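Chemist: Chain A is already provided as a structure; the job is to place chain B on it using the hints.
Those protein sequence lines, which keep their order, are chains A and B.
Counted the way the numbering used here counts, the first sequence spans residues 1 to 112.
Counted the way the numbering used here counts, the second sequence spans residues 113 to 228.
If you're looking for bench data, these hints aren't it; they were derived computationally from the structure.
It is possible that some hints are incorrect.
To be verified - Residues from chain A that face chain B, not an exhaustive set, calculated with beta carbons under 7 Å:
#1 Y32
#2 K42
#3 L47
#4 P82
#5 G83
#6 G95
#7 Y98
#8 F102
#9 T104
#10 G105
Said to hold, decoys possible - The following residues of chain B were derived to be distant from chain A, with all beta-carbon distances above 10 Å:
#11 R125
#12 N130
#13 S177
#14 K195
Predicted model only: the values in this text are computed from it and were never measured.
Cβ atoms here follow ideal geometry from the backbone N, Cα and C, with glycine treated the same way.
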Amino acid sequence: QQQVKQSPQSLIVQKGGISIINCAYENTAFDYFPWYQQFPGKGPALLIAIRPDVSEKKEGRFTISFNKSAKQFSLHIMDSQPGDSATYFCAARSGGTYKYIFGTGTRLKVLA
Amino acid sequence: DGGITQSPKYLFRKEGQNVTLSCEQNLNHDAMYWYRQDPGQGLRLIYYSQIVNDFQKGDIAEGYSVSREKKESFPLTVTSAQKNPTAFYLCASSHGLAGGRTGELFFGEGSRLTVL
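Isolated chain A, as found in the complex (with noise of 0.2 Å):
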């Protein structure tokens, strides 16, 4: 129940082309889920994050899509750039708790 369940494990892109990376999770005590992003030998950083009582987020070209129903929420990138390449985390957070769980991470290749 404290699982978060991230897909695809791997992603290659096209330049301009739009990337999707799910993730999926029971426990609905969550309330706060980040989305972030690492580089190969660096630490992770925020990109966005979203509250359960939002379906949608936007910040420039990636958005967050979240559906509490079915408990899962997606990051979305657009016009995806080589820049773009990097592992991607999603990760909830139970209400009142310092206590994040994280998916296993997508690792995405944007080709130029």
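Modeler: Using the frame of chain A, we list chain B on its own:
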């Protein structure tokens, strides 16, 4: 510049030795965390601390120890009891959750530990 500093970036250890990884933050964050990252397994929580002189075990605390004597510092000791210590270790910090804050995590650059 505000941020989280981890050291060393690379560390090699012989079996049976304890090693300590340093983590310092100047973001004035209340909470600090240690995560372990292994290929294909995401990030797993080792320990976290909400306030000075207090810390809680995460999901994989066995073989690790921490201290939180100062708000800015949260060192992690990997003991000889940790059976498979080779990994990438990430320190993070966040604001507390009071006042509706999201408590988003800010990560350091990581420390890669290799056991020889």
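Chemist: Hint by hint, note whether the structure agrees.
Modeler: Hint check results:
Residue-level restraint check for Y32 of chain A holds (minimum Cβ-Cβ distance to chain B is 6 Å; threshold 7 Å). Against a cut-off of 7 Å between C-beta atoms, the interface hint on K42 of chain A holds, since the closest Cβ of chain B lies about 6 Å away. Because the smallest distance between the Cβ of L47 of chain A and any Cβ of chain B comes to about 11 Å, over 7 Å, the interface hint for this residue is violated. Against a cut-off of 7 Å between C-beta atoms, the interface hint on P82 of chain A is violated, since the closest Cβ of chain B lies about 22 Å away.
The beta carbon of G83 of chain A comes no nearer than 19 Å to any beta carbon in chain B, farther than 7 Å, and the hint placing it at the interface is violated. Among the interface hints, the one on G95 of chain A is violated; its C-beta lies about 9 Å from the nearest C-beta in chain B, farther than the 7 Å criterion. Residue-level restraint check for Y98 of chain A holds (minimum Cβ-Cβ distance to chain B is 5 Å; threshold 7 Å). A least Cβ separation of about 4 Å between F102 of chain A and chain B falls short of the 7 Å threshold, and the interface hint therefore holds.
Of the supplied interface hints, the one on T104 of chain A holds, with its beta-carbon coming within about 4 Å of a beta-carbon of chain B, less than 7 Å. With a cut of 7 Å, the hint placing G105 of chain A at the interface with chain B holds, because the nearest CB-to-CB distance is about 6 Å. Listed as a non-interface residue, R125 of chain B keeps its Cβ farther than 10 Å from every Cβ of chain A; the least gap is roughly 19 Å. Here N130 of chain B stays apart from chain A, with its beta-carbon at least about 24 Å from theirs, past the 10 Å limit.
No Cβ of chain A comes within 10 Å of the Cβ of S177 of chain B; the nearest lies about 19 Å off, and the non-interface call holds. The Cβ of K195 of chain B lies farther than 10 Å from every Cβ of chain A, with a closest approach of about 21 Å, so its non-interface assignment holds.
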